[in-house]
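2 protein chains.
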Amino acid sequence: MTENHRNATSPTISEVAAAAGVGRATVARTLGGYGSVSDSTRDRVMRAAKQLGYRPNTIARSMTTGETKTLGVVLADVGNPFFAGVLKAFTDTVRQHGYDVLVLSTDEDLTKEADAIGVLVDKHVDGIVLASAASRNAPPPYLELVRSRSIPIVLIDRLFDGIDMDTVVINNREASREAVSVFIARGHRRIGFVWGPVTVEPATGAAAMHKIIAHSLSSDGERLRGYLDALDQAGIEFDTSLVTHVLKNEQQATRAVLGMLSLADPPTAIFATESDALVGTIRALRQRGLSYPGDVSLIGFDDSSWATVMSPPLSMVAQPLHQLGTLTAECLIDRIGGGNTPVAAHVLEATFVPRESVAEPSR
Amino acid sequence: MTENHRNATSPTISEVAAAAGVGRATVARTLGGYGSVSDSTRDRVMRAAKQLGYRPNTIARSMTTGETKTLGVVLADVGNPFFAGVLKAFTDTVRQHGYDVLVLSTDEDLTKEADAIGVLVDKHVDGIVLASAASRNAPPPYLELVRSRSIPIVLIDRLFDGIDMDTVVINNREASREAVSVFIARGHRRIGFVWGPVTVEPATGAAAMHKIIAHSLSSDGERLRGYLDALDQAGIEFDTSLVTHVLKNEQQATRAVLGMLSLADPPTAIFATESDALVGTIRALRQRGLSYPGDVSLIGFDDSSWATVMSPPLSMVAQPLHQLGTLTAECLIDRIGGGNTPVAAHVLEATFVPRESVAEPSR
Chain A
1 MTENHRNATS PTISEVAAAA GVGRATVART LGGYGSVSDS TRDRVMRAAK
51 QLGYRPNTIA RSMTTGETKT LGVVLADVGN PFFAGVLKAF TDTVRQHGYD
101 VLVLSTDEDL TKEADAIGVL VDKHVDGIVL ASAASRNAPP PYLELVRSRS
151 IPIVLIDRLF DGIDMDTVVI NNREASREAV SVFIARGHRR IGFVWGPVTV
201 EPATGAAAMH KIIAHSLSSD GERLRGYLDA LDQAGIEFDT SLVTHVLKNE
251 QQATRAVLGM LSLADPPTAI FATESDALVG TIRALRQRGL SYPGDVSLIG
301 FDDSSWATVM SPPLSMVAQP LHQLGTLTAE CLIDRIGGGN TPVAAHVLEA
351 TFVPRESVAE PSR
Chain B
1 MTENHRNATS PTISEVAAAA GVGRATVART LGGYGSVSDS TRDRVMRAAK
51 QLGYRPNTIA RSMTTGETKT LGVVLADVGN PFFAGVLKAF TDTVRQHGYD
101 VLVLSTDEDL TKEADAIGVL VDKHVDGIVL ASAASRNAPP PYLELVRSRS
151 IPIVLIDRLF DGIDMDTVVI NNREASREAV SVFIARGHRR IGFVWGPVTV
201 EPATGAAAMH KIIAHSLSSD GERLRGYLDA LDQAGIEFDT SLVTHVLKNE
251 QQATRAVLGM LSLADPPTAI FATESDALVG TIRALRQRGL SYPGDVSLIG
301 FDDSSWATVM SPPLSMVAQP LHQLGTLTAE CLIDRIGGGN TPVAAHVLEA
351 TFVPRESVAE PSR
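If you read the protein sequences in the order shown, they are chains A and B. Going letter by letter, the first sequence gives residues 1 to 363 in the working numbering. Going letter by letter, the second sequence gives residues 1 to 363 in the working numbering.
In short, the hints are calculated from the structure, not lab data. Please note: incorrect hints may appear among the correct ones.
Which copy is meant is left open, because identical chains are indistinguishable; a pair holds if it fits in one copy or across any two.
[Said to hold, decoys possible] Pairs of lysine-lysine residues, derived as DSSO-like cross-links and limited to a Cα-Cα distance of at most 27 Å, are as follows:
| # | residue 1 | residue 2 |
| --- | --- | --- |
| 1 | 112 | 248 |
| 2 | 50 | 123 |
| 3 | 112 | 50 |
| 4 | 50 | 248 |
| 5 | 248 | 211 |
| 6 | 123 | 112 |
Sequences and hints are given; from them, build the entire structure.
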């Protein structure tokens, strides 16, 4: 297939009409699915259309109906197993309703995100799903653009304060509180948290940390709030040196955890709030010749099959990826269909999966 | 945002024309980027368009140009890290050329695949990427549909015999041969292979296996050919009981490996050709109280950061996901641009990453 002329076409309606021995208007009504056509005529037209390899021109059709049957999904990184899992469930569900999905990655870059939203608006998608890279207190201006075009939108994984839009998130705060409480119940008082918010200077105390959280990505911030909740409930004083403030990648996690392990009073347990944070943490333990749960107890976020075959298997928080994707799809399709239900803030529960990476503190 | 009227519109060309104090044709020429317009007029039109929040109607534009600036990617499962990684690199690259990407998953189901291709043809995408679920000797009929519409297409990961289309694959046969040869060099002669082709009856010998391979998914078959090559080079007789013939999921891998481990002469090394196969294999070892590489040596396919923190770290074949995605994008864009280079069969090399999961045989 070396030739590449872009003007090969489907047979025209006139050609189908000639083959079926009916008028053009009849073919248009039959193939367009409007107006009345007798069963026998419909059969004749469909047979002729099929024989000639006629395919409906969806571009022309969307000019008429104003629908493109296309949805847009904007997320940080389709290569991330969390987003990939959610996207799979989402596309499978909307496909059943005849929708196709444009996928755009932003790498957590707000300029790319703005560009992605602009592209989707220009392409006249019927609806948008957005996992925004913006802080919860700074809803980006292009949300207004989407709203002004009356394009249905569902925010997933990350939400904004004071914005009245459909959201589907998990209960990050409670999931995190529960995990950290598991450590505390086993007697841990020095509990590391990877990843905290990226800051130049560490927060000076819990109050300062809460202020930083108010300007963070909501999902990250809620996990940190859950950690603070658990400490608070147990009367454990917050120690800022046990929360990372580095960039979110595996190498930085390793470096930050190595730093924690060098403290005079190092952590006896570490809660890693993402997959890369967990792998980076384990690497730091290995570099120090430490093992889990003997030396340091571990709990990770985002369960995966790998976690089950680690030795020992890792205790994890499991996010309901499938449910997240499906519910987001249903919510968006309902809006597109003109559903007049009030704006919904869906909150799904995560599950703590106990395995063998938590034990009593070694000291 | 509970209201949902679908007819909110961008300002019309007439409104932009009125605001700029020029004719509609001038606005159309300016915004459409055709014909000649003076610099000062262009400035005036662009300022007015921006002020009014004008956005080009890409549907109308694609009626004129015949281009949709949309590409379609059809693959087994966007939730699979291999495909997710390739997709990320692909979308990043085509985005730089102004293309957006429709993603469709098939779950390795040929009916869904046919439907997906039909959708992309109907949506008039400018190009298609397909990782087909079809056997190498049975190119599916919808490839002809794509060809008849002169839609550029690139096949990735899986290819077909006797089909003249652009392909981007990795050298699975050589990658597999190299990995199995690593076992052989350490003295192994009983080497398990997970996953072999799904068959009701196991193949009776190497010749029968080669026949089955000719009807397999090309990627799977090439990995098995590489295994057979390595055995052949070392003069090791093929034993069909060391190749699985179960369905490809983690549970089935575990069950099949437990079966192998019960043989009178069990494998001393196992090559797992996908991530799920590897996790399933490790689970089988654990269930038997066996460890690697002490009892059984292991090599997996599709390197991941998890493999680096397993204890001990796993030796793996790493696929060049990023390069695969980027090259596919460049190849497709070149074709769309009318590139008249001959059809290309791009073959990328995988890399063997030695870690600590291979040792001398225990017996």
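Verification of the hints:
no. : hint      : result
1   : 112 - 248 : within (19 Å within a copy, 38 Å between copies)
2   : 50 - 123  : between (29 Å within a copy, 18 Å between copies)
3   : 112 - 50  : between (43 Å within a copy, 20 Å between copies)
4   : 50 - 248  : neither (54 Å within a copy, 37 Å between copies)
5   : 248 - 211 : within (20 Å within a copy, 49 Å between copies)
6   : 123 - 112 : both (16 Å within a copy, 25 Å between copies)
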